[in-house]
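There are 2 protein chains.
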Amino acid sequence: MATGKTYKSFQYRNNLVWDTARRGRTSAPDKPDIEIGSPPEFKGEAGVWAPEEMLVAALNACMMLTFVSFAQGKRLEFVAYESAAEGLLANVDGKYRIVEVSVRPIVVLSSEADIEAARTIMAEVKANCFISNSITADVKLAPQFQMASDVPT
Amino acid sequence: MATGKTYKSFQYRNNLVWDTARRGRTSAPDKPDIEIGSPPEFKGEAGVWAPEEMLVAALNACMMLTFVSFAQGKRLEFVAYESAAEGLLANVDGKYRIVEVSVRPIVVLSSEADIEAARTIMAEVKANCFISNSITADVKLAPQFQMASDVPT
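Protein sequence lines, in the order shown, are assigned to chains A and B. First residue of the first sequence? That's 1 in my numbering, and the numbers climb one at a time after it. First residue of the second sequence? That's 1 in my numbering, and the numbers climb one at a time after it.
Next up, chain A with everything else stripped away, as it sits in the complex:
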């Protein structure tokens, strides 16, 4: 008996125009443009998003959005979510690639009783985040759960 579920596919469009030296302007339909370019260590400028930073940002956000989606599905409410991420660009066999991204989310909850549910949801995030599934880097997820009452205001 076939139990296969049918999934839709989606397309994401981007446009890019070279500006000068090692930078350009990237755009997506109906979104604000972003200046993008090589980072200073590769002869670019500081103050402009680098592709490497965008990849790390995409992963960090995807993991948060996956958490938000699963939390909503399980009716878990949370007070705040903040996450620091760091990607490591290293040369492997003569080619540079992002080999590792560490993601350290801090989820603030209103009740001790929610910690277990939050932990369970977070354990599902990495395997279900679309960007995590799309990159070759080793993704290290190290979540922390805090009580709202313990967070200084």
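Just so you know, the hints here were simulated from the structure itself, not pulled from any lab data. A hint or two may mislead.
Said to hold, decoys possible - Using 30 Å as the maximum straight-line C-alpha spacing, the simulated DSS-like pairs for lysine-lysine come out as follows:
hint, chain 1, residue 1, chain 2, residue 2
1, B, Lys95, B, Lys74
2, A, Lys8, B, Lys31
3, B, Lys74, A, Lys126
4, B, Lys95, A, Lys140
5, B, Lys74, B, Lys8
Note that the structure is predicted; figures quoted are calculated from it, not measured.
Please build the complex by placing chain B on the supplied structure of chain A, with the hints as guidance.
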């Protein structure tokens, strides 16, 4: 005899703060913040960069910046560079991931004599772009080369 070249590694940091519903604010040191969130097809809002769009933008820009770097190395001058890219998010074995990204750069050159050099450089771009090396998607690169004299002003 050891001929190994030593390569440096680099770190790229990101910070993310959840805002409301399925969106947040992503930041990198000294760069303008970007609103990021789920796309409308995953219960998010239009007008906010989605992680999927950021991944496609990162690849598109990385390929341009690799081209710019190689062109500079070979003293090839070009007049303009524009590139449309499209990423396909599809479900494979129950998990969504970006399975394919097509990148269609248009490079405008001032002389017919530069086409061959530009073509040779572009052929090296995919294998050397850091982001291309960091993702699992099938990257399809379809460049076009135009003469500045043929481009309507």
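For this session: Sort out whether A:Lys140 lies within 30 Å of B:Lys95, counting only the CA atoms.
Result: 19 Å, holds
Exercise. Holds or violated: B:Lys74 with A:Lys126, Cα cutoff 30 Å?
Worked result: 42 Å, violated
Exercise. Within 30 Å, alpha carbon to alpha carbon, are B:Lys74 and B:Lys8?
Worked result: Within the cut-off at roughly 23 Å; holds.
Exercise. Hey, B:Lys95 versus B:Lys74, does the alpha-carbon distance stay inside 30 Å?
Worked result: Distance of about 42 Å is beyond 30 Å: violated.
Exercise. Is A:Lys8 close enough to B:Lys31, meaning Cα to Cα at most 30 Å?
Worked result: Violated. A:Lys8 to B:Lys31 sits at ~35 Å, over the 30 Å cutoff.
Taken one by one, the earlier hints fail for this structure at numbers 1, 2, 3, listed in ascending order.
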